[in-house]
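Residue numbers (numbering that gives the first Met the number 0), protein chains in the order written: chain A, 0 to 209; chain B, 0 to 209.
Where chains are identical, the list cannot tell them apart; a pair therefore holds if satisfied intra-copy or between any two copies.
The list that follows gives simulated cross-link-like pairs (lysine to any residue, SDA-like), each with its CA atoms no further than 20 Å apart:
no., residue 1, residue 2
1, K139, D170
2, K84, Q114
3, K84, P154
I should point out that these hints are in silico values taken from the structure, not numbers from a laboratory.
Protein chains: 2
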Amino acid sequence: MNIGVIGSGKVGRALGAWLAQAGYPVLFSARDRSHADAAAKDSGCGALAMDTTAVVQRADIVLLALPFTEINSALEPVREHLSGKILVDVTNPITSDHRALSIGHTDSGAEEIAQQFPTANVVKAFNAVFAEVYASQRAKIDGRTITIFYAGDEPQSKASVHTIIAALGFDPVDAGPLENARYLEPLSLLNIRLGRVLGFGTQIGFSLLR
Amino acid sequence: MNIGVIGSGKVGRALGAWLAQAGYPVLFSARDRSHADAAAKDSGCGALAMDTTAVVQRADIVLLALPFTEINSALEPVREHLSGKILVDVTNPITSDHRALSIGHTDSGAEEIAQQFPTANVVKAFNAVFAEVYASQRAKIDGRTITIFYAGDEPQSKASVHTIIAALGFDPVDAGPLENARYLEPLSLLNIRLGRVLGFGTQIGFSLLR
Numbered sequence: 000m001n002i003g004v005i006g007s008g009k010v011g012r013a014l015g016a017w018l019a020q021a022g023y024p025v026l027f028s029a030r031d032r033s034h035a036d037a038a039a040k041d042s043g044c045g046a047l048a049m050d051t052t053a054v055v056q057r058a059d060i061v062l063l064a065l066p067f068t069e070i071n072s073a074l075e076p077v078r079e080h081l082s083g084k085i086l087v088d089v090t091n092p093i094t095s096d097h098r099a100l101s102i103g104h105t106d107s108g109a110e111e112i113a114q115q116f117p118t119a120n121v122v123k124a125f126n127a128v129f130a131e132v133y134a135s136q137r138a139k140i141d142g143r144t145i146t147i148f149y150a151g152d153e154p155q156s157k158a159s160v161h162t163i164i165a166a167l168g169f170d171p172v173d174a175g176p177l178e179n180a181r182y183l184e185p186l187s188l189l190n191i192r193l194g195r196v197l198g199f200g201t202q203i204g205f206s207l208l209r
Numbered sequence: 000m001n002i003g004v005i006g007s008g009k010v011g012r013a014l015g016a017w018l019a020q021a022g023y024p025v026l027f028s029a030r031d032r033s034h035a036d037a038a039a040k041d042s043g044c045g046a047l048a049m050d051t052t053a054v055v056q057r058a059d060i061v062l063l064a065l066p067f068t069e070i071n072s073a074l075e076p077v078r079e080h081l082s083g084k085i086l087v088d089v090t091n092p093i094t095s096d097h098r099a100l101s102i103g104h105t106d107s108g109a110e111e112i113a114q115q116f117p118t119a120n121v122v123k124a125f126n127a128v129f130a131e132v133y134a135s136q137r138a139k140i141d142g143r144t145i146t147i148f149y150a151g152d153e154p155q156s157k158a159s160v161h162t163i164i165a166a167l168g169f170d171p172v173d174a175g176p177l178e179n180a181r182y183l184e185p186l187s188l189l190n191i192r193l194g195r196v197l198g199f200g201t202q203i204g205f206s207l208l209r
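Excised from the complex, chain A in its bound form:
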């Protein structure tokens, strides 16, 4: 299962490297090709950098690890290759000051992506955990496993995303249809407030006790 990572910022690099080290073939792309090259080199384990078209063509699962506002310009040129692809929406539609969500409780960033690119299978996931956790490659905090919620409408795509979440050692929880991204995106805001403003730092995560 090839995993594409569009965007080579903090989240994309950390998550891509971890997936590569977990044994998945990882393909990076970025608006600035040198960033993708660096991400692939740092990841090792055979991770490659290529242009976004090649990533989307070859990948079974494509992680959208770029700013929400750049998704359309990144995907529009590869629209024809998106049919049936699993797009994992790692982003959050956050205002530029990082203080609020720009898309509301009657909609979500993930749903907007799905509407824009209806032939792809969008799954919301990985959006409420700090890049620093991915960079640390530790799915547990104090011996307890972080839950990663995922939401989507296509069962097979969700199953695949479940598999990669579990492969990293996280606790995957099916949070239902893509519509529920409306509640996963605010969770990331809570995470950001706790970690960056309220003193908990970035090595935090939510666990669903059940």
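Fit chain B to the given chain A structure using the hints.
Just chain B, lined up with the frame of chain A:
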């Protein structure tokens, strides 16, 4: 510290009974007085039922455990007694079909309450845990403690709410200013979807790993 509970539905009864059994003087009120009487009787431990005016006059902390849409009509008649009271907003502004939030990411139910009743100190808390958890009087699931997030603008009020959360055995986490209720209210929707729709049941809760 007297604790008032306005509303004697599932949440109010369960949380009030638990607080009473934890040693706090608990005062119930309800639109239908017989419901408050029943809640007080079931709680035991000296819990009392009275009208909302008396509850608000006597209580140091008032839990709003009634439907969000009934808050204004419950509090308007006691507006003059609210000055300096700690109002703990346990509610969520949920649409009548329980499928969405009726107030969005640029506002929250808690902030609306604070705006309506500016002399009171509103603290958002207890809103993302099922009544069934309160009824079970277990703050732990599988040996792990459920986190209760609270948000508010007045430090002393927050400290008091922190104290009662801890008294029940929960893990209290300061989630910042009341504005952050915008992110705690969606958390309750996620909780509801997981528990009621996605098969996890009601004995669930979130834990902040750190």
